[in-house]
Amino acid sequence: MGTQDIQPPIVQFAQLDKLLALGRANSLWPMTFGIACCAIEMMATGAARFDLARFGAEVFRPSPRHCDVMIVCGTISNKLKPVIQTLYDQMPEPKWVIAMGNCAISGGPFVFEGQYGIVEGADKLFPVDVYIPGCPPRPEALIEGIIELEQKLTNWRRWPVVEVE
Amino acid sequence: MQTDNLKHNLTLIQGVTLQDIAYSTKGYSLDVQAKAESVLQVVQEIDKAGFFIEAITGVDWLGEKAALKKEADDKAKAAAAAEAAEGEQQPSLPANESPVLQEDEMEIVYDFNHYTSFCRLTVRVRVPRSNPRLPTISSIYPGADWHERETHDFFGIKFIGHPNLIPLLLPEDSDFHPLLKDFKA
Amino acid sequence: MSAFLERQTDETFVLNLGPQHPATHGVLRVKLLMDGEYILAAEPVLGYIHRMHEKMGENRTWIQYLPNTPRLDYLHALAYNQIYVNAVERAAGIEVPERAEYIRVITVELNRVSSHLVWFGAFVMDLGGFTPLLYAFDDREHILDLLEELTGSRLTYCYFRFGGVSCDIDDNFITGTKIFIKRMRERLKMYRALVTGNIILIKRIKDNGPISEEMCRKYGATGPVARGSNINFDVRKHEPYSVYPEFDFDVPVYSECDSMARYMVRMDEIEQSLRIIEQALEKLPDGPFLLPKAPKVVKPPKGDYYQAVEAARGSLGMRIVSDGTNNCYRLKWRSPTFSNLSLFGEACQGMLLPDALALMGSLDLVIPEIDR
Chain A
4 MGTQDIQPPI VQFAQLDKLL ALGRANSLWP MTFGIACCAI EMMATGAARF
54 DLARFGAEVF RPSPRHCDVM IVCGTISNKL KPVIQTLYDQ MPEPKWVIAM
104 GNCAISGGPF VFEGQYGIVE GADKLFPVDV YIPGCPPRPE ALIEGIIELE
154 QKLTNWRRWP VVEVE
Chain B
2 MQTDNLKHNL TLIQGVTLQD IAYSTKGYSL DVQAKAESVL QVVQEIDKAG
52 FFIEAITGVD WLGEKAALKK EADDKAKAAA AAEAAEGEQQ PSLPANESPV
102 LQEDEMEIVY DFNHYTSFCR LTVRVRVPRS NPRLPTISSI YPGADWHERE
152 THDFFGIKFI GHPNLIPLLL PEDSDFHPLL KDFKA
Chain C
-3 MSAFLERQTD ETFVLNLGPQ HPATHGVLRV KLLMDGEYIL AAEPVLGYIH
47 RMHEKMGENR TWIQYLPNTP RLDYLHALAY NQIYVNAVER AAGIEVPERA
97 EYIRVITVEL NRVSSHLVWF GAFVMDLGGF TPLLYAFDDR EHILDLLEEL
147 TGSRLTYCYF RFGGVSCDID DNFITGTKIF IKRMRERLKM YRALVTGNII
197 LIKRIKDNGP ISEEMCRKYG ATGPVARGSN INFDVRKHEP YSVYPEFDFD
247 VPVYSECDSM ARYMVRMDEI EQSLRIIEQA LEKLPDGPFL LPKAPKVVKP
297 PKGDYYQAVE AARGSLGMRI VSDGTNNCYR LKWRSPTFSN LSLFGEACQG
347 MLLPDALALM GSLDLVIPEI DR
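Protein chains in written order, with the numbering used here: chain A, 4 to 168; chain B, 2 to 186; chain C, -3 to 368.
Just chain A, with the same shape it has in the complex (with noise of 0.2 Å):
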């Protein structure tokens, strides 16, 4: 969300903006870009046992022009750097990233000295709004980070946290 150049508007009306934040926060439309390992979870996520559709966000389109989440899944090479930011450049405001797996959150498993092709971590290129670590992570766990994501976008957070029994 760091590349809001949005003005506020002049008269501003708090029960809209909540409505509207309510809106967003429940059709999540992702973009699908799934680069390795990490976009089979994204992709089990949205299939039939864990359902991402129940949190409104299983439109998983295309082009980025109609998104407002790029979940980064999978690691980023240095040849993909231009893409992956021409792709964030193209996504219409108001906006986020999350990054999904430590490919995407810092580089993963492929960080060693000396290494010449990979970027260490989507924060690198830009700002995101939720880290969720695994490699790859759990569905459940990507659907936790889309409910910390409506959390951060509503303030409040409408699903129970879950308890281990």
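Calculated directly from the structure, the hints in this document are not laboratory data.
Heads up, a few of these hints could be off.
What the hints assert, rightly or not - In silico SDA-like links for lysine to any residue, alpha-carbon gap of 25 Å or less: (1) K27(B) <-> S238(C); (2) K84(A) <-> K185(B); (3) K182(B) <-> E54(C); (4) K292(C) <-> F113(A); (5) K36(B) <-> K159(B); (6) K199(C) <-> M260(C); (7) K155(A) <-> Q93(A); (8) K182(B) <-> V128(B); (9) K214(C) <-> T117(B); (10) K182(B) <-> N323(C); (11) K127(A) <-> Q93(A); (12) K214(C) <-> N6(B); (13) K155(A) <-> W32(A); (14) K185(C) <-> F245(C); (15) K292(C) <-> L62(C); (16) K27(B) <-> K233(C); (17) K298(C) <-> V110(B); (18) K70(B) <-> G320(C); (19) K36(B) <-> G299(C); (20) K70(B) <-> N323(C); (21) K292(C) <-> S238(C).
None of the values given here were measured: they were computed from a predicted structure.
Since the structure of chain A is already known, use the hints to place chains B and C on it.
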């Protein structure tokens, strides 16, 4: 049989040495050492015998010649010391005139396999490390096109006559060769 | 690009099938020279997920490299575990207990079924049918439950060790697998009726994307791509490894050379894998699952070694060059998808764009395996 025919044809090419290998120890059955000039002839024979191309890769033998020379020097010294300890004679000067250290080499390894016969053959070619060049085989096996581009990416080996020797896996404008042993990021 | 510039006329345009497209194949970019909707020339551009696996092989010790292996092709991760472990065991002369070999075969074949299910769902989704994806992923979740209880991970398994596997299978796993095999056979009947017999699918993929035998040989294509073109080549029968000679299974080969043939090969392979798993469960011997003194420091003798294994996508190969120390000198992955994709440039000339995408789907691509 096919492979016997092939082996016979390969021995006719100049500069080629063949070696039968036990498959259970190494995973391939025939080892062919060739020179850079005779690569095309070798691969043409292999193509006639109906093999398919599995992989092409390179190995950087930096420091191999120095290690071999050190081994030879150590052996010579040990032999001279043993000689001196045995007899009472004057120890003869070891015959290591320290020849000029030979240049290190890079090795290009081709793997071919057959769909029906049980024979994986490996062709090895050595080229000098400072000027690694050899002819392309992509006119015989179009699949070699990408393998050679990748080998060029990683080692800087030039394949003469290749239609499109631009980086395959590295960014288009890269000028470094990461799998060389003296590569620093 | 020079091939394009020569052939461009006023009537043609260049279309970029960019690195970001619906997340089934990964980040592959294809430059297409189009004449209306017909493709004149295609050039795949790779490297967008190059993760330096071969360089990492040289930086790490033999045992530290194990977690890297499943991340090459995460859909059939256990085969990549298997090839690495087999190659080093052969080089260093490490024996594997029989029970461990049987467990390896069972888990690799289960993983093969789950990889083919992902391919099946993604392929039909590429052609426009979204529903089989949900069914296939549901079946796959059952396999993932079994393997998760055993290995601890859902996708990138690092289960094999030098000298065996890291933990034993228990009765829960065996019963669960038997229930799954029964269920999967019922589901295969449903897929045959609803999907394979579907007239729209048949019209899309029959006679689509012909790949001749000679083309397969020149490009080195293996796996279902070659078996759909009348080439009877399966590493499990051609160069038997592990305990595969003990099992009785067929290798499906079709001679039509089109996308339908490649589709049928993979569907038949699921059934054959189920057969292998059944036989392995029956014949499972008792004994240790890991060598009592499993080595942590491995030093294969100097030299180079090659190992081949049948992965879901084709003949996977690995060449290791060892210099006798605890680090590998050079590690080379022979990726089956790399060779399979290299024939796309020639095979799709003159096709309509949607047909070319059907051909690409039938090649079963996983890009991180190509880019390593």
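We went through each hint and held it up to the structure:
Restraint check for K27(B) and S238(C): the C-alpha separation of about 15 Å stays at or below 25 Å, so the hint holds. Distance hint between K84(A) and K185(B) is fulfilled; the C-alpha atoms sit about 21 Å from each other, no more than 25 Å. With a C-alpha separation of about 10 Å, the suggested pair K182(B) and E54(C) falls inside the 25 Å cut-off, and the hint holds. Among the hinted pairs, K292(C) with F113(A) is consistent with the structure: their alpha-carbon atoms are about 22 Å apart, no more than 25 Å.
Our distance criterion of 25 Å between C-alpha atoms is met by K36(B) and K159(B), whose separation comes to about 15 Å. For the hint pairing K199(C) with M260(C), the CA-to-CA distance comes to about 15 Å; that is within 25 Å, so the pair holds. Using a Cα cut-off of 25 Å, the hinted pair K155(A) and Q93(A) holds, with the two alpha carbons roughly 23 Å apart. A distance of roughly 16 Å separates the Cα atoms of K182(B) and V128(B); the hinted pair therefore holds under the 25 Å criterion.
Restraint check for K214(C) and T117(B): the C-alpha separation of about 15 Å stays at or below 25 Å, so the hint holds. A hinted pair counts as satisfied when its Cα atoms are at most 25 Å apart, and K182(B) with N323(C) qualifies at roughly 13 Å. With a C-alpha separation of about 18 Å, the suggested pairing of K127(A) with Q93(A) holds against the 25 Å cut-off. With a C-alpha separation of about 21 Å, the suggested pairing of K214(C) with N6(B) holds against the 25 Å cut-off.
In summary, the hint linking K155(A) to W32(A) is supported, as the alpha carbons are separated by about 16 Å, within the 25 Å threshold. Simply put, K185(C) and F245(C) have alpha-carbon atoms about 19 Å apart, close enough for the 25 Å limit, and the pair holds. Distance restraint check for K292(C) and L62(C): the Cα-Cα separation of roughly 12 Å lies within the 25 Å cut-off, and the hinted pair is therefore satisfied. About 19 Å separates the Cα atoms of K27(B) and K233(C), which keeps this hinted pair within 25 Å; it holds.
With a C-alpha separation of about 17 Å, the suggested pair K298(C) and V110(B) falls inside the 25 Å cut-off, and the hint holds. The straight-line distance between the Cα atoms of K70(B) and G320(C) is roughly 18 Å, inside the 25 Å bound, and the hint therefore holds. With a C-alpha separation of about 20 Å, the suggested pairing of K36(B) with G299(C) holds against the 25 Å cut-off. Using a Cα cut-off of 25 Å, the hinted pair K70(B) and N323(C) holds, with the two alpha carbons roughly 23 Å apart.
Simply put, K292(C) and S238(C) have alpha-carbon atoms about 21 Å apart, close enough for the 25 Å limit, and the pair holds.
Of the numbered hints given earlier, the model fails none.
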